[in-house]
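> Below, each chain spelled out in residue letters.
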Amino acid sequence: MYEKDGEKYFVVDGHIHFWDGSDENCKNKYGHQFIECFYGYSSALTPPEYLWDYKKYQKYTEADVMHDVFEVGYADHAILNSVHLWDFFHHGFDREGEAWALTQSAGGKITMNGTWDARDGDEGIKQLEADAKRFDLQGVKIYTAAWKGDSRGFKMSDPEAYRYLEKCQELGIKNIHVHKGPTLTPLDKDAFDVSDIDHCATDFQDLNFIVEHCGLPRLEDFCWIATQEANVYAGLSVVMPFIHTRPHYFGDVIGELLYWLDEDRLIFSSDYALWQPKWLIEKFVDFNYFPDQTEYPELTTDVKKKILGLNVAKLYPKTITVPEQFQLSAAEPVLQP
Amino acid sequence: MTAQMTSLDAEVMSALSTVVDPELDEPITDLGFVRSIILDDLGVEVHLRLPTSFCSPNFAYLMASDAMDALRLMPGGGVVRVMLDDHHDSDKINLGLATDAGYRGTFGNEAHEDLEELRATFKRKAHTASMERSCMQMLQRGTWTLEELPLLELRDLPHCAKTQALIRRRAAIGLPTAPEARVLVDSDGVAIPERDVPLRLRMAATTRRSIEGNAHFCRGLLATRYAGSQEIDAITGPVITDLRSGA
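Just so you know, the sequences run in chain order G and E.
With the numbering used here applied, the first sequence covers 1 to 337.
With the numbering used here applied, the second sequence covers 1 to 247.
FYI, nobody ran anything at the bench for these hints, they're computed from the structure.
For glycine and all other residues, C-beta sits at the position ideal for the given N, C-alpha and C.
Warning: the hint list may mix true and false statements.
What the hints assert, rightly or not - Just the calculated beta-carbon pair ranges, DEER-fashion: (1) Gly78/E <-> Lys27/G: 40 to 48 Å; (2) Thr121/E <-> Glu295/G: 21 to 29 Å; (3) Thr236/E <-> Thr294/G: 34 to 42 Å; (4) Thr121/E <-> Asp203/G: 22 to 30 Å; (5) Ala10/E <-> Glu62/G: 52 to 60 Å; (6) Glu212/E <-> Glu49/G: 22 to 30 Å; (7) Ala191/E <-> Thr227/G: 20 to 28 Å; (8) Arg72/E <-> Tyr50/G: 44 to 52 Å; (9) Gln325/G <-> Glu212/E: 35 to 43 Å; (10) Pro323/G <-> Pro158/E: 53 to 61 Å; (11) Ser105/G <-> Thr18/E: 57 to 65 Å; (12) Pro27/E <-> Pro291/G: 27 to 35 Å.
Working from the sequences, and respecting the hints, build out all of it.
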């Protein structure tokens with residue numbers, strides 16, 4: 001819970017990690033480059049007082065998560081999103097076993113999502129069934145840019161991916177978080193193309209597609225798709241930290257998203273440990289558009305409350321209950337003269 | 001160093017400044033992607049670098065091979081070598097460049113067709129963003145209204161860098177550049193009807209902000225990646241080494 005100027009905000013961090021990018025876990029140079037690239041993202045957009053040294057960043061503890069996200073980070077709940085990246089890391093990037101232990105010890109504050117890879121065939125389907133049962137999955141995190149042997153990624157519109165989406169429907173896994181990263185299949189197309197989301201969102205209308213990083217660096221293509229597909233959400237990981245280094249650009253992205261989508265489909269997330277939620281939340285609650293940013297829908301306190309927690313809480317009803325005091329007060333009836 | 005030698009540095013930079021990052025629509029020299037230039041008796045060696053090791057290899061290849069082409073057009077450049085540093089596909093791309101293998105020869109099975117359609121997609125986006133800048137300039141001056149905008153012609157635009165940029169981007173996708181050509185057109189040159197103008201202009205603004213935002217982000221990542229590196233930071237420009245005899 002965050003409180004400022006008498007307003008109380010129920011906070012859900014829509015996307016956190018519990019990764020292992022340590023040297024011991026890196027399988028090859030790509031693993032090293034991957035975690036170095038993550039560190040580069042952090043370093044470029046983090047206020048210096050919040051920046052960790054590289055060693056800690058590679059592998060942090062359960063206590064770090066509990067402290068940074070919940071004790072000082074204001075979150076009432078967090079969604080833990082996992083990806084394995086087997087081709088880069090010996091034991092997986094996501095520390096699945098430890099992440100589940102963390103989830104179980106967090107007193108109901110964490111929802112852990114599963115993951116699948118469209119190229120894993122029947123084995124993967126079986127694994128998904130087992131994971132759904134074991135972790136009581138409500139959502140999955142898909143990383144379409146994962147390498148697998150000679151393949152350097154897949155599309156959410158591939159027939160193989162559709163098989164998994166059908167399985168998700170069957171298992172009641174409603175929330176499909178898709179990280180759009182540079183897939184290289186085929187290489188001659190735009191690696192950041194988001195158009196596959198258009199296809200799967202149309203064909204699976206009962207599933208929710210949360211596009212992490214809201215399609216950056218293809219914001220305009222994402223917005224165009226999201227205007228047409230009501231089940232597409234904008235995950236604000238990576239967008240949030242611009243509030244510090246490039247606040248005007250941050251205003252533009254939020255404004256564009258509110259303009260093309262609506263206030264019910266924006267979801268706050270820190271992408272911890274890429275960034276720490278504490279400063280993101282403090283700055284966001286204080287944020288206003290710049291004077292020249294006049295064409296965007298208003299960013300009111302109620303809109304901020306929705307973005308910071310109420311929107312994503314609706315997607316995870318099994319594990320997130322919003323206490324009455326945090327609900328938006330119903331609009332007062334307009335008195336007739 | 002003689003005046004002639006200094007001018008070769010300048011010629012190399014000038015040739016490289018014609019190479020544009022297709023996604024960001026800015027010259028690689030402005031983005032800090034040129035890491036170092038070595039001049040020797042054989043010719044020119046240029047090292048390029050990108051903001052992350054996972055930047056898309058297709059764009060990386062495009063910029064590196066465009067740099068190669070631009071330097072080869074330079075008279076007196078000698079043998080041209082272009083190397084991409086610190087990228088997950090550096091070995092593959094550098095081998096491809098050194099052997100003139102072409103895009104498909106470089107990437108083999110990963111490449112299906114060629115890169116021209118990809119390049120065209122980003123040229124179209126660059127035009128859309130540029131068109132929006134010119135239109136907004138006219139609206140802000142108050143000389144044109146939204147309703148009148150479909151009638152705006154290139155000759156109505158002021159003589160300024162924005163207009164020059166628009167004309168270059170039109171030429172790049174084969175749109176007419178004559179004075180009487182309409183400004184507000186789609187990527188195929190079809191005039192946008194009045195009723196569609198607000199939506200199309202609004203979408204064009206999103207495209208522009210997206211491209212500008214990506215350029216900010218990439219600059220930030222590059223600066224972070226090479227901060228404190230002895231040979232160069234992201235601001236001062238490439239290290240130029242002259243090894244030619246008599247240098």
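> Take the hints in turn and mark each one as holding or not.
Quick rundown of the hints versus the structure:
Take Gly78/E and Lys27/G: their Cβ atoms lie about 42 Å apart, and the range 40 to 48 Å holds. At roughly 27 Å, the beta-carbon separation of Thr121/E and Glu295/G lies within the given 21 to 29 Å, and the hint holds. In this structure, Thr236/E and Thr294/G meet the distance hint of 34 to 42 Å, their C-beta atoms being roughly 38 Å apart. Between Thr121/E and Asp203/G the CB atoms are about 24 Å apart, so this pair conforms to the stated range of 22 to 30 Å.
Between Ala10/E and Glu62/G the beta carbons are some 57 Å apart, a value that agrees with the proposed interval 52 to 60 Å. Look at Glu212/E against Glu49/G: about 28 Å separates their beta carbons, and that is inside 22 to 30 Å. Distance hint check: the CB atoms of Ala191/E and Thr227/G are about 24 Å apart, consistent with the given range 20 to 28 Å. Restraint check, Arg72/E to Tyr50/G: a C-beta distance of roughly 47 Å satisfies the suggested window 44 to 52 Å.
A beta carbon spacing of about 41 Å between Gln325/G and Glu212/E agrees with the range 35 to 43 Å that was offered as a hint. Between Pro323/G and Pro158/E the C-beta distance comes to about 58 Å, which sits within the given range of 53 to 61 Å. At about 59 Å, the beta-carbon gap between Ser105/G and Thr18/E stays in the expected band of 57 to 65 Å. Roughly 32 Å separates the CB atoms of Pro27/E and Pro291/G, a value that falls within the hinted 27 to 35 Å.
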